[in-house]
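J.: Using the sequences and the accompanying hints, generate a full structural model.
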Amino acid sequence: MPLNKPPLYEVHRGAGADFTDFGGWEMPVKFDSIRSEHAAVRESVGIFDVSHMSEVVVTGPDATAIMDRLTTNDVQTLDSGDAQYSCILDEEGVILDDTVVYRYPDGDGYLFVPNAGHGEQMAERWSQYASEFGLSVTVENQTDSTGLVAVQGPDSVETVEAVTSDPVGELSRFSWKQTEIAAVECHVARTGYTGEDGYEIFFPASDSEAVWEAFEDIQPCGLGARDTLRLEAGLLLSGQDFDPEDEPRTPLEAGLGFVVDLSKDEFIGRETLQDLEEAGVEERVVGIRIDERAIARHGYSILADGTEIGHVTSGTMGPTLNVPIALGYVETPFTETGTEIEVEVRGEPVEATVVDQRFLDSLESN
Amino acid sequence: MSFNVPEDRQYTESHEWTEPRDDVVRIGITDFAQDELGDIVFVELPDVGDEIEAGESFGVVESIKAVSDIYATVSGEIAAVNDEIRDQPELVNDEPFDGGWLIEIETNGDLDHLLSPSEYSEQI
Chain E
1 MPLNKPPLYE
11 VHRGAGADFT
21 DFGGWEMPVK
31 FDSIRSEHAA
41 VRESVGIFDV
51 SHMSEVVVTG
61 PDATAIMDRL
71 TTNDVQTLDS
81 GDAQYSCILD
91 EEGVILDDTV
101 VYRYPDGDGY
111 LFVPNAGHGE
121 QMAERWSQYA
131 SEFGLSVTVE
141 NQTDSTGLVA
151 VQGPDSVETV
161 EAVTSDPVGE
171 LSRFSWKQTE
181 IAAVECHVAR
191 TGYTGEDGYE
201 IFFPASDSEA
211 VWEAFEDIQP
221 CGLGARDTLR
231 LEAGLLLSGQ
241 DFDPEDEPRT
251 PLEAGLGFVV
261 DLSKDEFIGR
271 ETLQDLEEAG
281 VEERVVGIRI
291 DERAIARHGY
301 SILADGTEIG
311 HVTSGTMGPT
321 LNVPIALGYV
331 ETPFTETGTE
341 IEVEVRGEPV
351 EATVVDQRFL
361 DSLESN
Chain U
1 MSFNVPEDRQ
11 YTESHEWTEP
21 RDDVVRIGIT
31 DFAQDELGDI
41 VFVELPDVGD
51 EIEAGESFGV
61 VESIKAVSDI
71 YATVSGEIAA
81 VNDEIRDQPE
91 LVNDEPFDGG
101 WLIEIETNGD
111 LDHLLSPSEY
121 SEQI
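Going line by line, the protein sequences match chains E and U. Quick note: the first sequence uses the numbering used here, first residue 1, plus one each step. Quick note: the second sequence uses the numbering used here, first residue 1, plus one each step.
Any given hint could be a false lead.
Unchecked claim - Covered stretches of chain E, as calculated for chain U (at least 3 residues, CB under 8 Å):
#	segment
1	24-34
2	290-297
3	316-322
Just so you know, these hints were derived from the structure itself, not from any lab. Backbone N, C-alpha and C define an ideal beta-carbon position, used for all residues, glycine too.
T.: This is the structure:
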């Protein structure tokens, strides 16, 4: 199947980017080096083209009701212009995707952002359940017609305010508003996936170049730095740290219990999660610090006294921390911070320690 | 993008270079290889005295994004390893043909099976 190219593909190619296939999209993996792009976001500011992310718009009289039934967090608490991190589950409580739900600033419906390649499937799911529950909504997969960039880093407020027609510094975390950049109508959200302050900016795909070029002096960053940044912040990657086929996990195993509102009467997957919460999970995600000169990669076994107790789902060298870090699932008795474990790296056990997965906080304070 | 391919050494399809020196051959990875791998963070090398066969993996280069085997270009005994890159793996990115060399092998074999600079340049 041919890969989707983002509207800015030729612009990125002209800037010397290397590309990678991500969720069916040919996206820039790096422009300069992962290390320098990562450092720009931690120390000042960087911009990512994240047009591969999906956008689904849900409107109509029962928009709130269907969002509430098909996502785990409490949508009823969202005011106009609010956003919320959430999960989408199957009937067994397994995470199909994680997403951010945005309530439009004018109150008219919702935008939610499934991961790359999931837009069509999620729009179909919403339509199918609307019909099953008898709810009156309009569901549109607007992935192809929507552009998305992320401007992230401690200097992101002044960077974005320098190009918007309205101030955006007063936006609180997880809220958004409509404004203009380069005469293009944009939705500017105070959200992101790097562990830093920042914005995600939605606009018509056909205006991608104008918006991107408004940030021409900012370090462009690829998916390589996005991956190291999110891992240092302890944020999970859909399709890798959980995946309905290869890594089926409930939010309770994935450490996402905080986005599950069991006080809601009904949502898909609720019954299983209620049972699991009472019984306890058998495995849970943990942060891992590798204590030797080695990197734990996806799929490596995690051991305790030579016995396999889990496996790594993401691992890299943390560029800010300069320490090899990983996320993985281990049996519940081994999840306590400070537990000494081993990771099997190319057949050899390597010493490691369970740490808080918010590595930026947990390792810097050590 | 054009990559540096020095004329005074020979190459493999798996992107190692070989430089004949007085009694040994020195081996490293090419400019193209270090660029493909990106920021290198660890290099795992064999011990001096180990015997290796041409074509066999003798170590591993780990970058932030990937792990890659490195293959011996000739058979023989490891005469030296570059200890500097254990503490400064970024030397492999910065100076792949100089300070970022990996190992030296004492070999009796010839280098006829290796690619010339022009043959290697054609494949990258």
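J.: Are the hints correct? Go through all of them and say.
T.: Here is how each hint holds up against the structure:
1. Counting residues of the segment 24-34 of chain E whose CB lies closer than 8 Å to any CB of chain U gives 4, so the stated coverage by that chain holds, three being the minimum.
2. With a threshold of 8 Å between beta carbons, the proposed coverage of the segment 290-297 of chain E by chain U holds, since 4 of its residues qualify and at least three are required.
3. Only residues whose beta carbon comes within less than 8 Å of a beta carbon in chain U count, and the segment 316-322 of chain E has 3; three or more means the coverage holds.
Hint violations for this structure: none, all hints satisfied.
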